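Novice: Chain B: place on chain A using the hints.
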Amino acid sequence: MSVRRDHASIAPQRDSVGETAAMVNLPAALSGAAHYVNDIEPPGTLFVAMLRSPHAHALVRGIDVAAARALPGVHAVLTGAEVLDRAGPHPVYWQLTGQRTPQTRAMAVDRVRYHGQVVAAVAAESRALAEDALELIAVDYEPLPVVATVAEALAPGAPLLVPEWPDNVFGEQVYGTGDTDRAFADAAYVVEEEFDFGRSFGAPLETRGCVVEYEPVAGRFEVWINSQSPNRVREVVSEVVGVPQARVRVRIPAVGGGFGTKANYYGEEILACLLARSTGRPVKYVEDRDESFVASSHARQQHLKVALAADADGRIVGLRGDVVGTLGGELSSVGMGPVWLAAVSLPGAYRIENIRVRARGVMTNRSPYGSYRGWGAPKAVFAIERTVDRLARTMGLDPQELRRRNLVTPEEMPYANGILARLDSGDYRECLSRVEALTVDAGWPDTIREARSAGRRVGMGYACFVESTGIGPSRVMTAIGVEQAGFDEAVARMDAGGQVTVYTGQAELGQGILTTIAQTVAHELGLPPERVEVVSGDTDRCPYTGYGTAGSRGAAVGCEAARLAGVELRDQVLGLAADRLEADPAELVMDEHGVGVRGVPGRRLTHAEIGRAAYRDLTLAGDGFSGTLQGRAVYDPTAMTYSYGAAAALVEVDAETGEVRLLDGAMVDDCGVVINPDVVEGQLVGGSVQALAGALFEELVYDADARLTNPDFHGYRLPRTTDFPPLRLGHMETPSPASGSGVKGVGEAGTLPWAPALCAAVDDALADTGVFVTEVPLRPERLLEAIDGSGVATS
Amino acid sequence: MTDTVRLAVNGSDVELRVEPRETLADALRRTQGTRSVRLGCEHGACGACTVRLDGRTVRSCLVFAIQAEGAQVETAEGLAAHDACFQRLQESFACGNAFQCGFCATGMLMTASELLAEEPRPDADSVRERLAGNLCRCTGYESIVAGVLRAVDGATDPATDPATGEVTER
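Top to bottom, those sequences are chains A and B. Take 1 as the starting number for the first sequence in the UniProt record's numbering and just add one per residue. Take 1 as the starting number for the second sequence in the UniProt record's numbering and just add one per residue.
Among the hints, erroneous ones may be present.
Selected chain B positions facing chain A (in silico; Cβ < 7 Å) [stated by the list, open to error]:
(1) 34
(2) 41
(3) 55
(4) 90
(5) 104
Computed far set for chain B versus chain A, every beta-carbon distance over 12 Å [unchecked claim]:
(6) 3
(7) 4
(8) 14
(9) 129
The set of hints was computed from the structure by calculation and includes no laboratory data. Note that the coordinates shown come from a computational prediction; the quantities given were computed from them, not determined experimentally. Ideal Cβ positions, reconstructed from N, Cα and C, are used throughout, including at glycine.
Chain A on its own, in the form it takes in the complex:
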């Protein structure tokens, strides 16, 4: 595809490293040069520590902070009563139809509903001193009956976590198309399965944090925060603290990973603002790692019941889905969005005419449930792909053949599935075939044969996925119930020296968005990417991006806005140059040296000459020219884009211990036009390893009292270098017709296919036992239970 070649011919900035100049420009993160939020410390900074509830559910009958306030070096102690007085309710911007939202504040006021909820905040001369002060605070809790699970929450007579509500359900949404009852009644085959996806979270290596300064004369807040959505933080601080948006400046330092965890906004930044204002000192709050386990959004945990109906030829004619999310004691900023998305994503890449799905969000005494890379999609992909495998087994059909019969074909696109999705482009069957080819090339069939003849339990399995990317058309967002538009604004300037700078609302989290923006704009201006500066992470300097950097939208929406701003800048530059060179703009070419008349070597202007004419000596520009060179663009996508892919896993199961080991993995994806292959690969591999760990061992485990039992990296196992082999990646590239650049988005794709592919491979390895895996993470003890339950001797 020509667009791809053009982009690929622009060497990414990081690939130019290795030249002498690279020694000077070594990325800051590789030394002590980078400033993450914890590296920001204005003179006089106070350090904040949070007192968090040891109970999952309790009334706060009283709180005595006198001793803490009296401790020398303590400057302020903030309690719920003061928060109630000084700040408004904490908003939830995902307000889905049918969703109830309990009113919450930045900290607990008279009731705690999860283990780890903040009940007091201390600002002191050092973090250690602030933590000393926490120990001097006496809270009078009256413990209440705990609702630890969905079953407990929905049981008759369950304690009502919001006393004014009739039950513990946040709400439900139902979507449907066709006549499901009839489809199931007439079907030759019907299968139904129930699945559980375990609770986990993004766990960026850098925890959440912020530094807030308050200027009393101007009444201004200066907020440094490692957020993915700086404009949202500004709006929320403005709304909750009651200060005009123009007096809140939010800046983003180097960010140590986001993964959606930092796309949500939280109460702690509000508390930091209140403490900065009351103490008159800069304050810093950085979450401890153990705090992060209860205070950063949890994710993933859902129970999904899925039924498929098929005719005698294996055509899927009906889908029923029921998704229940184990939400926490309050809603995160995204409400029950991830549960809703799981339900509406269930049809996946398949042509199914009769669909009925329901999403329900249930309140429990667990930590709030919010964003984590993939959002609702990993659960939907897991459940639908596993159910397709089950259907294939019931029909005695090869699962990949069953998939092929039902995957939407390019000829059918754009394909509207009747419940929101409009699959835009791609060849899903070809993608699956390419994964199969990768596994054959890698010799998997022989590996399996040899391993099995040696008595080892080795097997392989597949999964396909489609995901909505490039959030999002603003009016669709509103229709869904999101109180946030989905457009991006960008500005591209050429300054008086002829240097180009792009200003974006996107946030760099390490994924490479600033590099891809530079490449995209440079391409339009005929410049090498290193000649384009990109400025981001400052609400005072940078344009508006409401939704921020999330939802696989950085490249699809953020880059496209920047590209359009670059095009506008190019047109202005060419207009100025056309006047000056007395040429038609169509005759001009723009390249790394400046602007010239095509085919006339002498007639050209350097960038410096153009900058001078635009800013310093307007007599050099045309009469109508009024100064500056600045392109500004707003890009609001007309439709969601749909990336897709497929993956295969080769696993070995130890039937004695229940341990599963990934021996090899292959994935082919199509995220539309690729701007930077290195960045895409980084996203795919990184997301894949997160998903593999999530499918095998990452899990937040609660006890019967709804206390988190494993809040550290010893108990909650992140993937390590030694866990997984290198993955085999293949790539397809189908431009999206729904976006100007053809880019779809790739940030979340890696998280999608691995859980079902891995489980299918485990089934295959244990084929003689009839095991069908329905729960992740695939902990050894659970698998052993399933093997034992099969009654087949495995030793």
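Specialist: Okay, now just chain B, sitting in the frame of chain A:
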């Protein structure tokens, strides 16, 4: 209650006033401004705060500052200034997508440089084994392992000065 600790940080003798409970990681960050020492977990699980203490890598969040009395402490800032192997690893990480957010990167480089000092030509398995105690949440590790191996290859790169090991030109 504070104590005085005398130690050398990146070759300079320093005298620190610390509380007995202050970790070496916190003391270095607070008094020496060594931002390469990053705190990812503060209980020794992630490796982002890795420094060299008398020539051996340690997790500075698990060492109290007062335990470093008389020690030679080196951080990424120090090694980046004078250690050719460390510099080679930095360059290699920079050019191969070996880091994304970079929060783990200085700890990775510290551990990798110790490995290369002990075992100049490790294979991929040795690199994986040695880096198993350094967590990265972004990359999935493959590019990090490749980054370390590329630094090994650099030792025989024609553009490398065989006398100093420094890359002269590419």
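Novice: If I take the minimum Cβ distance from residue 14 of chain B to any residue of chain A, is it greater than 12 Å?
Specialist: Holds, because the least Cβ-Cβ distance between residue 14 of chain B and chain A comes to about 16 Å, which exceeds 12 Å.
Novice: Using Cβ atoms and 12 Å as the threshold, tell me whether residue 3 of chain B really stays out of contact range of chain A.
Specialist: holds, 14 Å
Novice: Should the label of residue 4 of chain B as a non-interface residue stand, given a Cβ cut-off of 12 Å to chain A?
Specialist: holds, 18 Å
Novice: Is the interface hint for residue 90 of chain B satisfied, with its Cβ closer than 7 Å to some Cβ of chain A?
Specialist: Interface hint status for residue 90 of chain B: holds (5 Å vs cutoff 7 Å).
Novice: Close enough to count: is the Cβ of residue 34 of chain B nearer than 7 Å to one in chain A?
Specialist: Since chain A brings a Cβ to about 6 Å from residue 34 of chain B, closer than 7 Å, the hint holds.
Novice: Is the shortest C-beta separation between residue 41 of chain B and chain A less than 7 Å?
Specialist: Hint holds; residue 41 of chain B Cβ to chain A Cβ min 4 Å, cut 7 Å.
Novice: Hint check: is the beta carbon of residue 55 of chain B less than 7 Å from a beta carbon of chain A?
Specialist: Given a least distance of 20 Å, the restraint on residue 55 of chain B is violated.
Novice: Using Cβ atoms only, decide whether residue 104 of chain B comes closer than 7 Å to chain A, and label the hint accordingly.
Specialist: Holds: closest Cβ of chain A sits about 5 Å from residue 104 of chain B, inside 7 Å.
Novice: Hey, does residue 129 of chain B actually stay past 12 Å from chain A on C-beta?
Specialist: Since the minimum Cβ distance to chain A is about 7 Å, residue 129 of chain B lies within 12 Å and the statement is violated.
Taken one by one, the earlier hints fail for this structure at numbers 3, 9, listed in ascending order.
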